[in-house]
Every structure is written in C-alpha cells, then in structure tokens.
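Asks: Below, each chain spelled out in residue letters.
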Amino acid sequence: MVNRIIALLVKELLANLRDKRSRLVLIVPPLLQLFIFSFAATQEVKNQTLAILNLDHGRPALTLERDFAAAATFGAVRHLQRAEEIAEVIDRQQAIAVLWIPEDFSRELERGGTAQASFILDGRKTNAAQIVQGYAMRILDAYRDEWSAQGRAGGVRLEPRNWFNPNLDFRWYTVPSLVCILTTVVGLLVTSLSVAREREMGTFEQLLVSPLQPLEILIGKALPALLIAIVEGAFIVLVGVNVLGVPLNGSLPLLFASMAIFLLAIIGVGLFVSSLSMTQQQAVLGAFLFLVPATILSGFASPIENMPHWLQIFSFANPLRYFMTISRGIFLKDVSAAVVWAQTWPMAIIACVTLSLATWLFKRRME
Amino acid sequence: MNGCRRRMAALIGKEFVQILRDPSSLLIAFVLPVILLFLYGFGVSLDAREIRLGVAVRDSGEEAAGLLAAFRASPYFRTEVARDTRPLEAELLAGRLRGLVVIPQDFSRRIGKGIDPANLQVVADGSETNTANYVQNYAQGVARTWWNQRLRKTGQDLGGPELVARIWFNPELESRNSLLPGALAIIMAIIGTLLTALVVAREWERGTMEALMVTPVAITELIVGKIFPYFVLGMLAMLISVGISVTLFALPFRGSLAALLLSSGAFLLAALGQGLLISSAAKNQFLAAMAALITGFLPAFLLSGFIFEIASMPPAVRALTHIIPARYLVTNLQTVFLVGDVWSLLLPNVGILLLLAAGLFFLTAGKTAKRLR
Amino acid sequence: MKPVDDSSLVIENLSYRYDKDFPLALDGLSAVIRPGIVTGLVGPDGAGKTTLLRLLTGLLLPTTGSLRVFGLDTRDEAEKVHRFIGYMPQKFGLYEDLSVRQNLRLYADLHDVTGAERQRAFARLLVFTGLEPFQDRLAGRLSGGMKQKLGLACALIRKPRLLLLDEPSVGVDPVSRRELWRMVGELVDAETAVIWSTAYLDEAEKCREVLLLDGGRLLFSGPPGALTERVAGRCFQVQTIDGNRRRVLSHALQRPEVQDGIVQGRNVRIVLRPGQKPPAPALLEAGAGSRLIPVPPRFEDAYIDVLGGGPGGVSALAESISPLSGEREVTVEAVGLSKRFGDFTAVSEVGFSIRRGEIFGLLGPNGAGKSTIFKMMCGLLRPSAGSGRVSGFDLRVSPGQARSRLGYMAQKFSLYGDLSTRQNLEFFAGVYGLAGWRRKETVTRMIEIFGLYPHVRASARDLPLGFKQRLALACAVMHEPAVLFLDEPTSGVDPLTRREFWTHINGLVERGVTVLVTTHFMDEAEYCDRIGLIYRGRMIAHGVPDDLKEQVASAALPDPTLEETFIALLRQWDTERGEPS
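As you go down the protein sequences, you meet chains S, R and C in turn.
The opening position of the first sequence corresponds to residue 96 in our numbering, with each subsequent residue numbered one higher.
The opening position of the second sequence corresponds to residue 58 in our numbering, with each subsequent residue numbered one higher.
The opening position of the third sequence corresponds to residue 91 in our numbering, with each subsequent residue numbered one higher.
What you were told as hints is all true, and nothing was included just to trick you.
Covered by chain R, per the in silico footprint, the following chain S stretches (three or more residues, Cβ under 8 angstroms):
(1) 228 to 236
(2) 397 to 403
(3) 411 to 424
DSBU-like mimics (lysine-lysine), calculated; alpha carbons at most 35 angstroms apart, straight line:
(4) R:K340 <-> C:K110
(5) S:K115 <-> C:K530
(6) R:K170 <-> R:K210
(7) C:K170 <-> C:K110
(8) R:K424 <-> C:K249
Per label pair, the in silico range of CB-to-CB distance:
(9) S:M373 <-> C:E531: 35 to 41 angstroms
(10) C:E531 <-> S:P348: 40 to 46 angstroms
(11) R:I351 <-> S:P348: 33 to 39 angstroms
(12) S:T144 <-> R:A122: 41 to 47 angstroms
(13) S:P403 <-> R:A222: 24 to 30 angstroms
(14) C:E419 <-> S:F351: 53 to 59 angstroms
(15) C:E531 <-> R:L83: 54 to 60 angstroms
(16) C:F431 <-> S:L310: 24 to 30 angstroms
Hints listed in this document are in silico derivations from the structure and should not be mistaken for laboratory results.
Backbone N, C-alpha and C fix where the C-beta goes; we use that ideal spot for every residue, glycine too.
Starting from the given sequences, assemble the full structure and let the hints guide the process.
Replies: Dropping the structure here:
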C-alpha cells in the first residue's frame, strides 16, 4: 500500500510540474498576486489632492491653511477662489476634500468666539473619506492646542500607539493575509483539477482498473497538493520577509503546523469539487465558487465583525477565517501556542468534515 | 450587403439559441452576478461599528468615569472595562479586542487642575491595519467631544477653532454605496471577458469554428456575430444587478438611465474586445479562462479603485490602471449612483472606454484572419 | 509560362510545417486532383491528411510550394474559394445544442442560400439524408451516423464544386458508411471534385483515384488498381488448416520468402516477396490437408509492399513471460449484463464466456454499447443487472482481486501525457505493486521489447502515435496479467504497427492469456476466435467469424466479407423487429 501511494505521489508531483499548463497555474497567478496585492492592495490613503478655499486673509486662517497643506496625506493642494468651485471640484473628483475657511474665521477667533471652518468630503470613496476626515480632525486638534496654548491649557492629549505595526504599514497586513489566500488558491486548484484532468485525459479509468483502492487514490491526490501548497506558502513567507520586509515575530513551526491542518480542510473542499466535476472547466468554476465567498468572508477585505450577524455565524465554517487570524498573529504578534490552538481545532473539525465528504462522494462517483 | 446582414443575423440568432440552451452561460450571466452582489452587499463592509475596545480605568475619579461613559455611549465601540491594563492587553494579543484605551491614575486630577493636558493612551491592534486607523480616529473623536461638552457644562467654553466635516453624496458613509458600483463593474468584466473568451474557445474545441471559416462569412461578420449577443446579455445582467442593488440594498440612483447605459455600454464594448482578443490567442477553454481571470477579473477587483485607493499605489501601478477599463466604469457608476449626471466627468471616461474598445477590436481584427494560425 | 489549369486542383511541391521545431507535416507534395470522381486521401493518423485538406480550404497557407483550386491561389483568393467549397471537418462542424433544422438554416444563411432555392435545398437534403423525421432533434442527440449525414447536408447546402470530407466514416456503423458512400457517389458530376480522407484501406480501394500519404510524404497517387498491380500473383491463402492458425501465421512470417501475413478467419493470408515461390504448407505446420490457393491482391497488401514488408512473426513480449499453465477453463464470463442510465438502456442482457487462450472480439458501431460492456467487465461501471467474472472473481464482490489480474488498454490514448515514457512505466509498475529490482528489471525489459529506448525521456504526449500505443500496451501487460482487455487498440495507427500489435496479441494468447478486444477494423475481427456483434445495446449474433459468414451466405452473396455479414445480420435483426434500417 505504501509503495502504491508513493508511486501515485511521485506521479502526481511530476504531472503537476512537467505540464506547462499546470506550471502556469501554479506559478504565475500566485506570484502575480503576491506582487500586485502587496503593492496595489492598500487601504492606506496617500497622494490625495486637497482643495482649499480660504476667504479669510487673517493670520490664524493662513496658519490653518498652511497646517493642512503641509500634511503628508495630501500630495497636492489646489487653491480655489469662489464657493461655486467647490461643487465642481468634488463632483469631478479633482480633490478628495475641500477645506473651506469663511471670511470671518480669524475675526471670530480673535473675538474669542467659535470659529468654524468646513471640511467637505467626497462620499463616493467611503474608506478614503473616512480616513481623510480622521487626519483632518487631528490636524485641527493640533492647531487648536497651538492656538489655546497662547491663552489656556488643560484638556486631553491623546497618545496614539499602534502595537504590532507601529507605522500602520499596510503591507504588514497584506503579506500574512496573502500567505493564507495563496496557499488556498494553490491547494484548491491542484486538488480540484487533478481528478477532473484525469477524467478528461482518460487516465482516470486506467487508474480505476488498477488494484488501487479509492482511499489510496485520494491520499495520493491529497499529499502532493499539501506538499506543493506548503512549499508555495514557504516561498511567500520567504519573499514577504526578505524582499518586502515584513517582520516574522512568531514561531515558524507553529505557522507551518497550523498551515498543514488548514490545508487539509481546503484539500477536502478541492477533492469534493474534483469528484463532482467531469471537466477541468467545471472544476475551475467550482473552485472559483468556493474561493470568492471564502476570501470575502475571511476578514481580509473587511473585518468579520462588520458583517451582519447571520453572516458572521456562517463564517465560522470558513477555514480561511481561522488561518487568517493565526497567520497575522504569528507574523506580527508572536502569539502563544494556546492562542494558535484556539483557532486550530475548529479547522481540524472542518478538515474532518470536508475530507470525509470528499471520500464519500468520490466512492459514490466511482461509477 | 443584404447577404452580409443575413449572415450576421444568422450568427446572432444561433448564438442566442446556444446561450439559452447552455446552463453554464446562464449560470455565469445571471446566477454569478446575484451571488456576487449579495456577497458585496452583505459581506464586505468597511463601516466600523461596534469595534471591540478595552478601556482600562486606573483612575477612580469623576472625570475618568465621565470619559468612560462617553466611550460606552459611542456607537462605534463595544467596550470592555477593567481596572488593570494587563488582562486587556492579553485580549488584544489574542485578537478579541481591536483597541485599548488607558485612562491613567492622575487623569481626573490633571483635568481638574486644568494646567497640563491629561494624557490618554490609545493602543490599536496594528495587525488589523485599516481597523487600527479607525480606532485612532474614533477614539480621538470621542475624547474631543467629551472635552468640549465638559467645557460647555462648566461654562468654560471660550470658543476656538472648529472643523465641521460634511460628507457629500453619502453622509452616513455607508461603504456599501461605494462597493456595490464596484461589484457591478466586476460582474460586467466577468460576463464581457470571461464568458466571451469561453464561448469562442469552445467553438475552436468543438471544431465548429473551422467549419464557419470555410463558409463565405467575413471576419467582421464573425466578430459582430459574437459581440452583439453578449453585449445584450451583459446589459441585461447589468440592469438586473442594478435593480437588485437599488431595491434590495437601497443604493441611491441619482443620475439618469442614459448615463448608466452609456457608461456600461462603453465598458462592455471594451470588455468584449478583451474577451475576443484572448480567444483569438487561447484556443482552449482552460487557457481562455485563466487568461480572462488574470487580465479581466483580477484587475477589475484590484486596480479599479473600488476597494483599494489608486492614488496610494506606487507610480508604476498607478500608470497601469489607466489602461484598465474597470477603473473608468467604477468612477462613472459611483458618480451616476451617488452624485448624478456629472457629464464633465462621465463623458471623458466614456470616451476613453470607447478608445480602449476600438484599440482592442483593432488588435483582434488584426490577429484574426480567416486562418488557423 | 504554363497556362493556368482552372478545371482541377493543382498541387505543386507543397510543404507545410506547423512550427519551427516541428518536422514537416507535408513534404514536397505534387498531385493533380480532377473533378468528376472521388479522390481518396489515405494514410494513418499523422500522415498529413487533415493538413492537406486545411491547406486546400485556405485555413492554412503553404510553407513552400503552391496550391491552386480551380485556378485560384489559396494565398490571396481564399475568399473566392470559400464560395464554392463544401467542407466537413473531423467533428462534423455541427452545433450540438442546435436542432437539425437550425443547423441547416445557419449554414444556408452563411452560404447565401435563400428563398425558393433554400426550400428546394432543404427538401432535397432532408430526403437525401433521411433526416426528415428528426428535423427538431438537437444535433447532439443524433447517432454517429445521423450526425455524419447532417454534417454532409450542411456541407452540401450550396452545391459545392469542391467537397472535402475529413474522415467522415470514423466511428460510424458499416450500414451508415455504405449509405454515405452511396450519397457522395450520387453527387459527383462532371464539375464536382470530391476528396474523401480515410484511414480505412478498404474504402480507399473503392475510390477512383487515391493519394496515399505516410509521414507527410506522398507514397502513391493514381487509381488504386495501379498500386495493387504491384503485388499481383504474390498473394495466397492457406486454407483448410488443420491445427493452430496463429502458429501457422507465425511460422509463415519467419520464412524469408514471406513479406507479410494476416489471419483471415480460419485461413491465413500471406504475401510473398517479389520473385519468390510460396513455401510448402508442411513447412508452416498447417497440417496434411492444407492447401495454398492464390487470391486477388488487396490495396493493403500493396501498401505494406510499398513500405517494404511487415514485421516478423515472433513476439518478444510473449517470449519474455512465463506460459500460464492450466486447463482451458472459462476465465472471463458475463451473464445477463444490463446497464440502464435513467430510462435509457445502454446494454441489455449481454452474455458471453471466454476460455483461457482465446481472443473474443466485440464488434459494433460507436454508441452501440461496446464501451459500456467493456467498462462493466473492468469493474468501472456497476451493472444494473447480471454479473461479470474475471479469473474466477466476481466483479461485484471482489473487484480489487479481479482488477489485479487484468490488463487494460483504453480506447483513447490514456497515459500521462506530461510524464516521460520511463516515468509512465515506473508509475504503472508501482501501482501494480512491483518494487525494487523487479520494477527496474520489468521497466528495462518493456523498453527493450517495444523499442522505446529512443523515446524514454520524451513526454508521452509528444510520442508518435504508434509509440503511444506501444507504450500503452507495455503499461497494460507489465504485471503479466492473465486477462487482457483491449479497447480499439489499433485505431488510427499505420498497418505496420497494427501487424506488430497482432503479433504480440497472438503470442500472448499462445502463452495462455485471455483477450477481450473491440475493433472497428473488420479485417482485424478475423483474428478473433469468436466475435460478438453489438447493436443497439444487444448482442445480436455471436460465434466463429466464418460460421457467421456461412450463416448469411446466399446465392447473391456466396462468399460474404465480414462487413457484408455484419450488415446482413443488422438488417435481419431490424426486419425481425420491424424497425427501419
């Protein structure tokens, strides 16, 4: 039995690595995604254009204008002359926001009253608007501190600290998430294509008339996928740490051990899709149908706690959710084995379910 | 010319019959969009509400209690209070808290004296980078509001500079409103590029393309015969998706139908051109699907600016986004839905889309002679 | 300057290469194809038949040389050529999800056939092809024969001046094949040129002119009779053999004066080298009563002659395995096998038994149920009723044991295309439990026996077809199975490789291996000890080939060929049940 499984394992590895198409699938999309994602997929907000309409020529207004123009978030500043221009600039997306200082701003301030400036944001870009608004408020707070230091003191001074990622570098977030997403893509594609490809090529019949047992065939399909996906995962970790400069604070053995369990759950899904599909076309479609929701509901693009309650419950069945937490935890937080275990056992249960389902379906579809 | 019209009509009619009889075309054109819409409508939300926040109150004074009450009342936070920081820090490490506010022992005393500002430490979990940003912003807002109110209550409000933020088009900052137009762009990219590339590849695989090419049909007739049906299909899927978005997800629709049809029509032409170009190079369904996913779906998702800010990308990637049709559609759709008919923004984008489409068709026609290679 | 010949197709020194690193697919071809007759384009898979047809349509352009279709150069006048061409590609070019009428209408529109002309064309073609009752059926639901007729109808919508048919008869039952031939024959008038490409040499014999291609080169062009002339007087049949005809063939092929030989039912056919005298029957151990009778030459005899003669009569493969001892007991048995898919009955109550050392052949058109029977006998499909046994193991009770005793060669090339020749052999050795030095030794032996050495590192996908089939056979017999299942092992390969295959099969059978084989080459069925005819899911007749022939022999048809026998039995079966044939 061991001999037969080794024969299968060797064959499966060779088939995946010698075929130009599968090499293409295994190497190009993950690399492309690694680089595009880590360079392009950022929710940071930089290089934005700010428009300023300053109708006041007093010193306080000019200082406020200068403070905003100097902020790092804003790559460019546009000066407006008339209030009518505001709508045009925002509508045509020539600026993310407009700072509007009314003509009585300095006067009010000097008089000791409340001087109001307006900050108009483009709500089409929700995320950017939200973050720019935060920056603006912070600039104003600093401005107010400076202004009030001349007269009064007191108040609250916030000391912002960001643990695990002091500069809130988005790449530190993306790369550990990509370790999860890309190993999923590879593990899923390798397994879901493998049986379908053999069906299409006619080699599956040849396998079935051999003395191989269904379970041996399944193990022979699962092991190479596990191996390939782990190697790919290790490659991404390597590039992430050495090329993209993401810190790896936690324990590598813990990361790979939990990755193996995670991949078993994914491979179960892949084998299930594979047993179900007759052609590679269907297998790709099936893998896609799992991949898109699983990624969206993993907490990568947006936090799980923002989802409606029923969807959150649904996400407990998503192995990606747990491994995302583990990967970011190990990379950035150096979490303990106990914390990892708390996220690992649900994946182990999911793996048991998906693998047994796949075995059941595979045996049924042997017909 | 009469013959030309008849041949095109025959090809188009054939394509429609095939679409109606092939479950996988219908699946891609009508089921997949609905699934995607629901996922984006429900699953992706950037509106941080009820962020889990720990508050360590190390001060038993009145002022500290007041600030704590302010945090508790905030709709943005779900607070967990402790006297000591250590258990909360452990929770933060385990990922059960996203942020931690530490009210120091001398907080009430300092506020009371009113000479030095009282320090308030806000720790965010940087491993959730975007959420960390929100935590800092919201905490700042809560502290500021509390302080201003306190000043007002104690009659110390002596005015000062204030910034009133007004968010146009989407005052609640409902992220769904900017994500759904992006999802629509993805859906149309899938139909225009993936479906078209697949059906042409299928004709190659089944040998029907070879039979067609030996008839008197001209290459432009063949191309029109493919574009027209999938254009109609794509527009139909778009209208259905818009219907769902507006009725079910309460997406506002402030522009005109004309602007919507013009923008999506121009985009669809570019996407179809891309699909045809792929299929003229990849003659089997597998390669066609891979190429369509990599050049169609992925850029529409990553580089169109609907989740990830184009302005924040490195210059090379930013330059690349200029040839991604989805980028222009996302802008136009967000505008048509949330703003209205800003023709001065919409028309140049439509123009660029048409230019891209023309370029793609030109390339396709150049690559496809009535030849096998 | 030569005047342009615009009444025929002129091919001059035509070469074509698909890609830089590929060998020439067509190499220096020159020929003239005349209208008014059917020209056969004959050769094994990969000979260049499809390439030549595509060049004639202008879908490919010549690498060197020139091609004029009725005076038009396909290089820059392809559009004009397309106006009078009718082309039926290998998969018939039909839209399977469109109905018969929708397909016809589409091609009519594309060929600008409208109005009354179109009504007349539809009426004529639907009657001509017998598809009238099936107008609304989806093309994908038609039988192979009907698809082929619809494909032809679509190619004939506008009466073409040039009709190109790419292997129209592959996988089609003999009755439909004959009908197609008749239809095309009716169509040929003085202006129309017809090119019929085929791998069947008996079809080639019926063409008025033939282009014989092999490896991209033109071996012969002219009337087939001119080729068979070469071997006139050199063909003999050893008749009334008393003893084992397979051994007689093997002895004959080892004689220096014999260049080629095959089994023909109870007899053995031999072809002598030029100028040689036939060997005495005694030398062939054919028994005292055996006689050597001269017979008329066939196209295939001449083809082998052009190639320089067939392979020898000894199978190194058979020599290398130990003979299986034991009685001639039944090793493969099917009892009342039936398979239903939903309400469609694919196979209905088929039963047969095969003894050790016997070749049993399953014959029948595509879709008749051969493959389903085959799959049930391998344990790939569970029968709806009935049972199958291999080497005494019931396929339902102990499929594992049954499988480890059988070797299986699937219809389509079904080895791992991305693995090299050696890796394929090693994989199957491993799967069948060969390990260590035994695996190494077996793999080396297979490479030697099948002459795979030059290709050990090449990916199986890139092997020439003959070597693919050799590799597939090697993988199927590595574990020395007692039972061998071969599903169309020789379809598409050249006659030399087919001869070699049958030498191996005959050798293995002599060593006590039991063989179940399907084929659609009627002459190959003659190698079988017994055959079963499968038609519409049933076994309508079975027995020794010559007995079946005698069964249908009549005054009009005193000495029927196996194909004629087949057709007669199908008709008989249909009339008994009152079904239209």
